[in-house]
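Asks: Okay, here's what each chain looks like letter by letter:
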Amino acid sequence: MGISEQQLINRLVPALLRIRQTKIYRVIQRTVMLTFPFVLIGSFSQIIQVTLLTKTGFLASIFHLSTWVPYYKYLHYPFDNLTNLTLDSVAIVAAFGAAKYYAKAYHRDDQLAGISGAIALLLVAYQYPDQTQVDFNPVLLGTNGLTSAILIGVVIGILFRWFGRPADVPRQSHTTQILDRTFASLLPMTIGFLLAVGVGLVLNWFMLFDYSEQTLDQLQKIATSSHNGLMTFAMAGLTLLMELLGLAGPFQQRLLANTPSMTTNLNYALSHHSAYHVPYPYTSHTLYDAFGTFGGTGMLLALIITIIISSHNHNYHVVARWSLVPALFNSNGPMMTGLPVLYNPIYAIPFILAPLVNMSVAAFAIWLKWLPPMVYPVPLGTPGPLIAFIGTNGNLVALLIGSLDLVISVLIYLPFMRLAEATLHAAHEQSLRLEMTGDDA
Amino acid sequence: MMHNLLKRRRRNSLGVLILVGLFLVALIWPAYQWTQANVKSMAGRHDSRLSPVILIPGSSATQNRFDRLVTQLNKADKQRHSLIKLTVKTDGTIKSSGTLRPRDNEPFIVVGFENNKDGYSNIQKQARWFSLAFKQLAHRYQFNNFKAIGHSNGGLVYTYFFEHYFTREDITVKKLMTIGSPYNFSEANLSHKTQMLADFIKYRDRLPKKLAVFSVAGTENYDSDGLVPARSVEAGKYVYQGQVKHYTEVTVTGDNAQHSDLPQNKQIVSLIQEYILDSKKKTPTKALMGAN
Numbered sequence: 001m002g003i004s005e006q007q008l009i010n011r012l013v014p015a016l017l018r019i020r021q022t023k024i025y026r027v028i029q030r031t032v033m034l035t036f037p038f039v040l041i042g043s044f045s046q047i048i049q050v051t052l053l054t055k056t057g058f059l060a061s062i063f064h065l066s067t068w069v070p071y072y073k074y075l076h077y078p079f080d081n082l083t084n085l086t087l088d089s090v091a092i093v094a095a096f097g098a099a100k101y102y103a104k105a106y107h108r109d110d111q112l113a114g115i116s117g118a119i120a121l122l123l124v125a126y127q128y129p130d131q132t133q134v135d136f137n138p139v140l141l142g143t144n145g146l147t148s149a150i151l152i153g154v155v156i157g158i159l160f161r162w163f164g165r166p167a168d169v170p171r172q173s174h175t176t177q178i179l180d181r182t183f184a185s186l187l188p189m190t191i192g193f194l195l196a197v198g199v200g201l202v203l204n205w206f207m208l209f210d211y212s213e214q215t216l217d218q219l220q221k222i223a224t225s226s227h228n229g230l231m232t233f234a235m236a237g238l239t240l241l242m243e244l245l246g247l248a249g250p251f252q253q254r255l256l257a258n259t260p261s262m263t264t265n266l267n268y269a270l271s272h273h274s275a276y277h278v279p280y281p282y283t284s285h286t287l288y289d290a291f292g293t294f295g296g297t298g299m300l301l302a303l304i305i306t307i308i309i310s311s312h313n314h315n316y317h318v319v320a321r322w323s324l325v326p327a328l329f330n331s332n333g334p335m336m337t338g339l340p341v342l343y344n345p346i347y348a349i350p351f352i353l354a355p356l357v358n359m360s361v362a363a364f365a366i367w368l369k370w371l372p373p374m375v376y377p378v379p380l381g382t383p384g385p386l387i388a389f390i391g392t393n394g395n396l397v398a399l400l401i402g403s404l405d406l407v408i409s410v411l412i413y414l415p416f417m418r419l420a421e422a423t424l425h426a427a428h429e430q431s432l433r434l435e436m437t438g439d440d441a
Numbered sequence: 001m002m003h004n005l006l007k008r009r010r011r012n013s014l015g016v017l018i019l020v021g022l023f024l025v026a027l028i029w030p031a032y033q034w035t036q037a038n039v040k041s042m043a044g045r046h047d048s049r050l051s052p053v054i055l056i057p058g059s060s061a062t063q064n065r066f067d068r069l070v071t072q073l074n075k076a077d078k079q080r081h082s083l084i085k086l087t088v089k090t091d092g093t094i095k096s097s098g099t100l101r102p103r104d105n106e107p108f109i110v111v112g113f114e115n116n117k118d119g120y121s122n123i124q125k126q127a128r129w130f131s132l133a134f135k136q137l138a139h140r141y142q143f144n145n146f147k148a149i150g151h152s153n154g155g156l157v158y159t160y161f162f163e164h165y166f167t168r169e170d171i172t173v174k175k176l177m178t179i180g181s182p183y184n185f186s187e188a189n190l191s192h193k194t195q196m197l198a199d200f201i202k203y204r205d206r207l208p209k210k211l212a213v214f215s216v217a218g219t220e221n222y223d224s225d226g227l228v229p230a231r232s233v234e235a236g237k238y239v240y241q242g243q244v245k246h247y248t249e250v251t252v253t254g255d256n257a258q259h260s261d262l263p264q265n266k267q268i269v270s271l272i273q274e275y276i277l278d279s280k281k282k283t284p285t286k287a288l289m290g291a292n
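Keeping their order, the protein sequence lines are chains V and X.
Using the numbering used here, you'd call the opening residue of the first sequence number 1 and step up by one each time.
Using the numbering used here, you'd call the opening residue of the second sequence number 1 and step up by one each time.
With the rest of the complex left out, here is chain V (with noise of 0.2 Å):
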């Protein structure tokens, strides 16, 4: 080797720090950390309904929940309400946000820019109806939107640049002025809903919203239904770069749909009293569902147990905290919005890193019959290290495996993070610097 760990940090921090200061990385990094305390809300009340509140969640499961609790059948209500309602309202939120930054950092109204974003989002994911019903695209809105969110924003910044006024002075609230300043935005604004509108009715008139949708479905179709190795790993891959891009990626529905191969598998099983011989060892669901997926996608438990036990960043170990319970439960929202992980190249390495490898020793492990592959139900929202462990039937190499994948994976972000943690410390002595010359950050 002939370079250590430290030398390459140095050599790319500054490479990195590049990335950081162009104005469209800051904008779209403060957009993602906009939408963080709304993730980080919705992905508490989504671990409270999935865990606790389904009939078939993991804690409700173990702890047969629906035989004693009262009225349990209706708790789930006001949860479903909270957690549908934050977790979709995030692509706006972030084309609010998109557009506000994107305005702000060009000394445009950063405000009506903002507002401007969202409401461009809403016109674009507009479903022109056959009923009466006011109807949005679920694919825009939501947590999979986040990306078409951010690039209508940022268009919507890039017209207030445009055709806007500069609104660099202090806030004045002299009514002829507020109306000055309206009259200033009023181009930027029209044109930007009127190119909304223009997107959404080319999208509608396509059908472009089906076309995708069905395509995700086909596609999660054929990646859920093969049972070709090879095939798994590189859908697995491909999911979690879609997913680091923000975007839904083949094997995203987890553990919810019930695959050909996993109903023969399990036959196979129940008929033989033994999941050792099983037709298909090496699926999605044995391998990516049952060790790739440990606080979400992108192993993401790991990340968090790598931040609290060597990380030096105070910003990093508040949102580990805070993610820790949600990621237990495999919810990875808030890492990738709080950190974040979404965009991050530095992330991007481990993130899909980490996974296949974990897989990789999994289906080593089952080749040599260490274990049987998974094959029995697994309840919703089950501890990651644990979902091997239940699928086997209490299989206690499948708990070590999950255990010592866990550990390798945290190997695996460990000098990531410090790679991040030393580009955070650059940039911020770099401000501090820029502030002792008076320079604006």
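FYI, nobody ran anything at the bench for these hints, they're computed from the structure.
Every residue, glycine too, gets a C-beta built ideally from N, C-alpha and C.
Errors might be hidden in some of the hints.
A short list of chain V residues far from chain X (calculated; beta carbon distances all over 12 Å) [unchecked claim]:
1. I24
2. Q29
3. F79
4. R161
5. P166
6. A184
7. F193
8. V199
9. I387
DSSO-like, lysine-lysine: derived pairs with alpha carbons at most 27 Å apart [unchecked claim]:
10. X:K75 / X:K266
11. X:K202 / X:K117
12. X:K237 / V:K73
13. X:K174 / X:K237
14. X:K135 / X:K202
15. X:K125 / X:K209
16. V:K55 / V:K73
17. X:K202 / V:K221
18. X:K89 / V:K55
19. X:K135 / X:K85
20. X:K266 / X:K85
21. X:K174 / X:K210
22. X:K125 / V:K73
23. X:K85 / X:K174
24. X:K95 / X:K202
25. X:K117 / X:K135
26. X:K40 / X:K125
27. X:K135 / X:K40
28. X:K75 / X:K125
29. V:K369 / X:K40
30. X:K89 / V:K73
31. V:K55 / X:K135
32. X:K125 / X:K135
33. X:K245 / V:K221
34. X:K75 / X:K40
35. V:K221 / X:K209
36. X:K266 / X:K174
37. X:K135 / V:K73
38. X:K193 / X:K78
39. V:K221 / X:K210
40. V:K73 / X:K95
Assemble the complex: chain V is given as a structure, and chain X must be docked to it using the hints.
Replies: Okay, now just chain X, sitting in the frame of chain V:
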């Protein structure tokens, strides 16, 4: 000072991590017990040889509606199938009578309703009541497949049940026979679809794909069994044909082809014996199992 603050934060974080870790370890044992119990019950159902015939009577008929049919079938089949009767009250409570005979793998289970009135809204209610009874039966007898027979409105209750309530993956329905079921109520003209038929057609893609359906019509004259128009029974094809594995229409005439007599009709009894009941070939294996 900054350093101390950070130290404290790290200690706090570590404390949270250790707590969560202990929580996780504490969950291992209950999780183990849950999965053992769950797999055991799944294996029990999977290994079950029980395959009941579940019957739903038509409107205004009680859980005793099929007594004569079962007697005739027992005589024809040369074995004594158990007869279990359930009545679902309007408040959802279930009363049952009759027991499963030992070594009987094909009991007849009749599910009747306290409110057995006609009409679409009542059929919807009856389907919900049936789903409650079905849940209880599935839990009590642990079967993994069953056969369904519905007389008159009973066939409509079944259709509604399959489209709206039957979601179990661990239980398959192998066969359904509807006898004189008026899919379009008393409407003989198929261009006038009732709300019920329209709904049946709307949700037909939810029907079990592996189901074999037999729709039996009785006729006294060329177009009715005295109560239900033959055309209305025939409308079942718009619901089932192309959705399920097989859809067969049978028309019987002659003695006892009047609507209410259909369950006693000799032709229909032999149709049930031939198409719905498990074939007798299994008997030797059953005897072998008994010898074990």
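Asks: Please go over all the hints and tell whether each is borne out by the structure.
Replies: Hint-by-hint comparison with the structure:
1. I24: Given that every Cβ of chain X is farther than 12 Å from that of I24 of chain V, nearest at about 32 Å, it holds.
2. Q29: holds, 23 Å
3. F79: Check passes; 21 Å lies beyond 12 Å.
4. R161: holds, 39 Å
5. P166: holds, 39 Å
6. A184: With a cut-off of 12 Å, A184 of chain V remains clear of chain X, as the shortest Cβ separation is near 44 Å.
7. F193: It holds; F193 of chain V is separated from chain X by about 38 Å at its closest Cβ, greater than 12 Å.
8. V199: holds, 33 Å
9. I387: Non-interface label fails for I387 of chain V: nearest chain X Cβ at 10 Å, not farther than 12 Å.
10. X:K75 / X:K266: holds, 12 Å
11. X:K202 / X:K117: Holds - the C-alpha atoms of K117 of chain X and K202 of chain X are around 24 Å apart, at most 27 Å.
12. X:K237 / V:K73: violated, 38 Å
13. X:K174 / X:K237: holds, 18 Å
14. X:K135 / X:K202: holds, 25 Å
15. X:K125 / X:K209: holds, 25 Å
16. V:K55 / V:K73: holds, 8 Å
17. X:K202 / V:K221: holds, 25 Å
18. X:K89 / V:K55: The hint holds at about 26 Å.
19. X:K135 / X:K85: Cα-Cα ~15 Å, so holds.
20. X:K266 / X:K85: Roughly 23 Å separates the two Cα atoms, so the pair holds.
21. X:K174 / X:K210: holds, 7 Å
22. X:K125 / V:K73: Given that 27 Å is the threshold and the Cα spacing comes to 20 Å, the pair holds.
23. X:K85 / X:K174: Satisfied, since the Cα-Cα distance of roughly 21 Å is no more than 27 Å.
24. X:K95 / X:K202: Roughly 34 Å between the alpha carbons, so the hint for K95 of chain X and K202 of chain X is violated.
25. X:K117 / X:K135: Status holds; Cα separation ~23 Å.
26. X:K40 / X:K125: violated, 34 Å
27. X:K135 / X:K40: holds, 19 Å
28. X:K75 / X:K125: Given that 27 Å is the threshold and the Cα spacing comes to 35 Å, the pair is violated.
29. V:K369 / X:K40: Within the cut-off at roughly 23 Å; holds.
30. X:K89 / V:K73: Holds, at about 22 Å.
31. V:K55 / X:K135: The given pair, whose Cα atoms are some 15 Å apart, holds under the 27 Å limit.
32. X:K125 / X:K135: OK: K125 of chain X and K135 of chain X at ~16 Å, within 27 Å.
33. X:K245 / V:K221: OK: K245 of chain X and K221 of chain V at ~23 Å, within 27 Å.
34. X:K75 / X:K40: Status violated; Cα separation ~38 Å.
35. V:K221 / X:K209: holds, 18 Å
36. X:K266 / X:K174: Satisfied, since the Cα-Cα distance of roughly 23 Å is no more than 27 Å.
37. X:K135 / V:K73: Distance ~16 Å between K135 of chain X and K73 of chain V Cα, so the pair holds.
38. X:K193 / X:K78: violated, 43 Å
39. V:K221 / X:K210: The hint holds at about 20 Å.
40. V:K73 / X:K95: Distance ~24 Å between K73 of chain V and K95 of chain X Cα, so the pair holds.
The structure does not agree with the numbered hints 9, 12, 24, 26, 28, 34, 38 stated previously, though it agrees with the rest.
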